[in-house]
Amino acid sequence: EAQVTQNPRYLITVTGKKLTVTCSQNMNHEYMSWYRQDPGLGLRQIYYSMNVEVTDKGDVPEGYKVSRKEKRNFPLILESPSPNQTSLYFCASSWTGMNTEAFFGQGTRLTVV
Amino acid sequence: GENVEQHPSTLSVQEGDSAVIKCTYSDSASNYFPWYKQELGKRPQLIIDIRSNVGEKKDQRIAVTLNKTAKHFSLHITETQPEDSAVYFCAATSDTGRRALTFGSGTRLQVQP
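Just so you know, the protein sequences line up as chains H and S, in that order. So for the first sequence, my numbering puts the first residue at -16; every next one is plus one. So for the second sequence, my numbering puts the first residue at 79; every next one is plus one.
Just to be clear, a hint being listed does not mean it is correct.
Unchecked claim - Restraint-style ranges between C-beta atoms, simulated for each label pair:
1. H:GLY46 / S:GLU93: 36 to 46 Å
2. H:LYS0 / S:LYS136: 45 to 55 Å
3. S:GLY94 / H:SER65: 42 to 52 Å
4. S:GLU93 / H:GLN(-14): 26 to 36 Å
5. S:LEU118 / H:LYS1: 41 to 51 Å
Said to hold, decoys possible - Pairs of lysine to aspartate or glutamate residues, derived as EDC-like cross-links and limited to a Cα-Cα distance of at most 16 Å, are as follows:
6. S:LYS149 / S:ASP105
7. S:LYS120 / H:ASP21
8. S:LYS115 / H:GLU84
9. S:LYS146 / S:GLU134
10. S:LYS120 / S:GLU161
11. S:LYS146 / S:ASP127
Please keep in mind that the hints were generated in silico from the structure rather than gathered at the bench. Where a beta carbon is used, it is the ideal one built from N, C-alpha and C, also for glycine.
In isolation and in its complexed conformation, chain H is listed as follows (with noise of 0.2 Å):
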């Protein structure tokens, strides 16, 4: 079955204490993204790779970092994680970018205490 797939699905923390949220993808799509979800703001590009080895920052990159080793994994990296991290994140895989067919992972509530 074509999906996306994040873990954990659920996460509390501290500030400041290192985490990865994970995203795997088993359609072979060259573009990879993260969003984060809050309430009256719609969903907010963070970062985005466009194939191994090629990552970019989105329009809310501080404070995350990513990586893109292999093609179907695409780690989102929150190195000192604040409460205004707090937020719902949506890992998303396309062919070619967003302007094909996204594919959304289940989302990752984040909770920053």
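Given the structure of chain H, go ahead and fit chain S onto it with the hints provided.
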């Protein structure tokens, strides 16, 4: 960058009525306009999309219209059913640059039985 505005933020209709959600965009380079449906606690899923070389697209009870000159596009749902209740997001992107989706802020549609 692109800016997408979406109205209304909430919409309540009776079962069987029609629902219309409107979006405007700012970047004339945008040429792909998808609509996503997000049920409570679920991931966004593509329900219909339109490209700038087309003025209207229909899929059963759902239709999207695009006015490039005025830079607005709309989602039309006819014969609404309770299972249409969800949050709907419009988005826009182009074939150039980072090809990221810029989302509207969402419309919560409630279909009353």
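Please name the hints from earlier in the document that this structure breaks, with their numbers sorted from lowest to highest. Violated hint: only 5; rest satisfied.
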